[in-house]
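Visitor: First to last, the protein sequences are chains R and U.
Residue numbering for the first sequence follows the working numbering, beginning at 1 and increasing consecutively.
Residue numbering for the second sequence follows the working numbering, beginning at 1 and increasing consecutively.
Hint data in this document are derived by calculation from the structure and do not stem from the laboratory.
Predicted model only: the values in this text are computed from it and were never measured.
Built from N, CA and C at the ideal position, the CB exists for glycine as well.
Some hints here could point you the wrong way.
Straight-line distance between alpha carbons at most 27 Å, and here's what the computed DSS-like set of lysine-lysine pairs gives [unchecked claim]:
#1 K122(R) <-> K383(R)
#2 K122(R) <-> K320(R)
#3 K417(R) <-> K88(U)
#4 K160(U) <-> K196(R)
#5 K409(R) <-> K95(U)
#6 K160(U) <-> K262(R)
#7 K417(R) <-> K278(U)
#8 K411(R) <-> K95(U)
#9 K278(U) <-> K411(R)
#10 K409(R) <-> K160(U)
#11 K278(U) <-> K88(R)
#12 K88(U) <-> K246(R)
#13 K278(U) <-> K246(R)
#14 K278(U) <-> K424(R)
#15 K409(R) <-> K278(U)
#16 K278(U) <-> K114(R)
#17 K88(U) <-> K424(R)
#18 K61(R) <-> K76(R)
#19 K76(R) <-> K160(U)
For each label pair, taking beta carbons as the anchor points, the in silico distance ranges come out as [stated by the list, open to error]:
#20 L56(U) <-> L65(R): 48 to 54 Å
#21 K69(R) <-> K95(U): 58 to 64 Å
#22 V161(U) <-> I57(R): 40 to 46 Å
Where chain R lies over chain U, by a calculated footprint (3+ residues, C-beta under 8 Å) [what the hints assert, rightly or not]:
#23 64-75
#24 166-175
#25 254-260
#26 271-282
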Amino acid sequence: MGTSRNVERRTILKAAGATAATLGLAATTGCGGGSGSSGDGTVTLRYAWWGGEPRTIAIKKTIALFEKKYPKIKIKPEFTDYQAFWEKFQTQASGGNPPDVFQNAVGFLRKYDKRGVLLDLKSQADAGNLSLDNFRNGILVNGQVDGKQLGIPVGANTMALVIDLKAFKKAGVEAKMGWTWDEYFAALQTIQDKLKISGDTGYHGIMYLYDLYLRQNGKAFFTDSDLGFTEDDLTQWWTDAYKRVKSGLVADPKKIEQVQPKSGLSAGLAASEFTWDNFSIRYEGEGESDYGLAPIPTTDGKHTGQYLGSLMLSAFAGTKHPKEAAQFISFMVHDPEVGKIMGYDRGILATTEQYDAFTPTDANNKGVKAYEEEVAKAGVLGKITPHPSGADVIEAAFLRIGGEVSQGKTKPADAAKALFSESKAAFAG
Amino acid sequence: MTLVKEAPVRPAKKRSAAPAAGRRGRRRENLAGYLFMSPWIAGFLVLTAGPMIASLYYAFTRYNLFTPPEWVGFDNFTTMFQDPRWQKSVEVTLKYVVVATPLKLLLALGVALLLAQKRRGQGLYRAAFYMPSLIGASVSVGFVWRALFSDDAIVDRTQKVFGLDVGGWIGNPDYVLYSLVALSIWQFGAPMVIFLAGLKQVPQELYEAAEMDGAGPLRRFWNITLPMISPVLFFNVLLESIHAFQVFGSAYVVSNTQCGPADATLVYTCYLYQKGFKEAQMGFASAMAWSLVVAVALVTAVLFWSQKKWVHYEEAAK
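Can you build the whole structure from these sequences, using the hints too?
Guide: This is how it looks when you write it as structure tokens:
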């Protein structure tokens with residue numbers, strides 16, 4: 001290193017000073033980014049969500065509206081895509097530093113309740129900081145676990161079949177309420193024969209769809225703490241799926257994989273795709289055809305197994321400002337202006353105030369509204385199935401292992417076995 | 001070879017006869033040295049050594065980040081060895097290391113041999129070949145790679161011209177790993193520069209003498225170049241294999257964060273990441289991390305042991 005033999009005292013002092021400065025700097029930067037209150041009584045809340053750009057633009061508008069109405073509360077936004085959101089959240093929450101208010105979903109409620117992260121909002125409702133009135137179709141229950149109100153729904157959605165309208169018309173097949181799985185697969189066959197494209201993009205890995213199928217047959221994907229079906233059930237589901245992939249009835253998973261993040265339906269690889277109804281808005285922007293919502297096929301011609309799911313807002317149990325967090329959530333789910341801005345981005349608006357304030361004008365939102373009304377009218381809606389802690393990990397495993405089956409890399413029976421073994425670990429985690 | 005040529009000069013043992021003032025000066029000099037180093041030392045202790053010790057402890061616990069770690073002894077290791085996905089990740093990683101490392105080094109050496117000759121625009125060529133190493137690790141290159149190797153993209157179309165129709169490498173579990181191998185090979189710049197430096201050190205008179213004895217280019221390469229650059233080759237093999245064991249970014253991006261399809265790009269670190277950050281099994285992930293450390297250490301040890309058989313240092317040549 002240094003060549004000088006005579007190191008002066010000044011040099012040592014300088015070095016010491018530099019070191020102290022560096023460490024001091026590190027110490028000060030180490031504690032940035034937290035929420036808190038400033039001297040003038042202004043409170044800052046961190047608010048985090050996942051979603052695409054349109055959602056972020058809309059949410060930022062609603063934040064501005066809130067800050068105008070509550071000048072003493074400032075909102076600091078944090079947003080990413082779905083995957084990154086939960087990875088980041090997990091780390092933040094374990095470090096005791098999650099956002100004060102955040103978007104949540106039913107698959108995560110028990111998991112984070114078990115870890116003491118979620119604030120029971122009932123007490124805030126009792127204190128008058130948050131209104132639990134006017135939720136449509138009893139959807140408030142989606143945010144409840146063991147008598148606690150852990151999330152407040154912002155919207156309601158349900159599974160649907162999105163179809164390529166042009167393709168269905170050209171093939172001369174019709175998707176009608178109460179159709180059976182056999183009729184659905186027969187329709188896919190007709191599409192394949194007449195149009196030379198696959199009918200479905202790959203239904204076999206969608207946990208929520210398999211849940212509907214199980215519910216149609218008197219079972220469910222989850223019980224309170226376990227899986228609600230057998231290895232044989234799943235083996236059968238995946239055996240049939242693999243046959244349909246092989247025959248081309250279901251699109252080649254190799255191709256579906258490569259068009260991501262675009263969907264196989266909008267890429268024109270198939271004529272239909274199962275998803276949540278509020279997701280259907282993406283297809284129009286992505287693809288070149290016209291898209292519509294069609295009913296879920298049934299086993300008995302009546303019951304679809306459907307229920308209303310929802311995205312919700314939750315608050316951190318350790319937030320320094322539970323009152324303000326509750327006020328913010330209340331504003332976000334009840335204020336009519338917020339409803340107008342958000343539209344059906346996170347599902348059909350959950351409260352009557354917001355639902356009445358927003359009248360869809362474009363075909364997509366109109367379609368989503370008509371679909372949910374039709375489903376509600378058909379009287380098929382059931383209660384939401386439980387999601388034990390670990391449901392999120394199992395959902396990812398179901399998609400991955402389903403993919404292995406369709407790629408011909410794992411035999412259905414082995415795949416079912418693998419899912420059961422991974423689920424066991426996920427429940428224990 | 002300059003890298004290892006000079007034997008360390010041992011300072012004469014008995015120098016303590018130096019005056020006390022000198023000793024004080026040296027002590028002061030040391031003190032200054034440590035002071036200058038202290039930010040680094042502090043950083044090392046807090047950001048590297050500390051977490052490493054913590055993770056060694058976690059490797060023997062069940063730890064989901066929220067509840068306190070629970071001591072489980074060697075449970076994580078036994079579960080790990082029985083876990084089919086862990087086995088798959090080891091298989092995928094070994095395949096990657098064994099295929100990517102030699103190919104990358106071969107290309108690096110080949111290009112270095114070409115670039116070692118004097119020609120016009122030499123600097124430009126060297127810069128151009130080195131460039132991918134600088135940007136290769138970036139996420140954007142991963143995306144570009146995904147686009148290149150997808151269905152109906154340029155690679156697929158080119159293949160079809162030659163009658164090879166696989167429909168894109170990215171979605172195909174049998175091919176996707178090789179797109180990562182290709183990405184690794186493409187970044188051959190760093191080992192190439194090291195090879196170049198090594199080639200420059202080979203004394204020209206050896207070639208001249210060999211030429212006079214009638215040795216052809218192949219023979220000269222085999223009997224002069226290769227033995228003379230073997231220390232550099234050893235260094236590159238070591239470094240590149242260690243790098244290959246740690247591959248993560250490209251696998252994560254090219255496979256759309258899923259390390260798939262069908263776990264085909266489930267490299268070791270990708271699985272480790274999934275276990276730690278997606279499934280919150282930090283104990284298991286730590287056990288995986290330490291197993292990787294041990295495995296890489298073993299591979300390094302084997303390579304060091306093997307160098308006696310094929311690496312020629314100049315002292316030995318004398």
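Visitor: Please go over all the hints and tell whether each is borne out by the structure.
Guide: Evaluated hints:
1. K122(R) <-> K383(R): With Cα atoms ~21 Å apart, K122(R) and K383(R) stay inside 27 Å; holds.
2. K122(R) <-> K320(R): With Cα atoms ~17 Å apart, K122(R) and K320(R) stay inside 27 Å; holds.
3. K417(R) <-> K88(U): 16 Å, holds
4. K160(U) <-> K196(R): 21 Å, holds
5. K409(R) <-> K95(U): 17 Å, holds
6. K160(U) <-> K262(R): Roughly 24 Å between the alpha carbons, so the hint for K160(U) and K262(R) holds.
7. K417(R) <-> K278(U): 21 Å, holds
8. K411(R) <-> K95(U): Given that 27 Å is the threshold and the Cα spacing comes to 23 Å, the pair holds.
9. K278(U) <-> K411(R): 26 Å, holds
10. K409(R) <-> K160(U): Holds, at about 25 Å.
11. K278(U) <-> K88(R): 10 Å, holds
12. K88(U) <-> K246(R): Measuring from Cα to Cα gives roughly 25 Å; hence the hint holds.
13. K278(U) <-> K246(R): Measuring from Cα to Cα gives roughly 32 Å; hence the hint is violated.
14. K278(U) <-> K424(R): This hinted pair holds, its Cα atoms lying about 16 Å apart.
15. K409(R) <-> K278(U): 24 Å, holds
16. K278(U) <-> K114(R): Answer holds: K278(U) to K114(R) is near 17 Å, not above 27 Å.
17. K88(U) <-> K424(R): Roughly 20 Å separates the two Cα atoms, so the pair holds.
18. K61(R) <-> K76(R): Since the Cα atoms of K61(R) and K76(R) sit roughly 13 Å apart, the hinted pair holds (cutoff 27 Å).
19. K76(R) <-> K160(U): 52 Å, violated
20. L56(U) <-> L65(R): 48 to 54 Å: This hint holds: roughly 51 Å between Cβ atoms.
21. K69(R) <-> K95(U): 58 to 64 Å: 59 Å, holds
22. V161(U) <-> I57(R): 40 to 46 Å: 44 Å, holds
23. 64-75: holds (count 4)
24. 166-175: holds (count 6)
25. 254-260: holds (count 4)
26. 271-282: holds (count 5)
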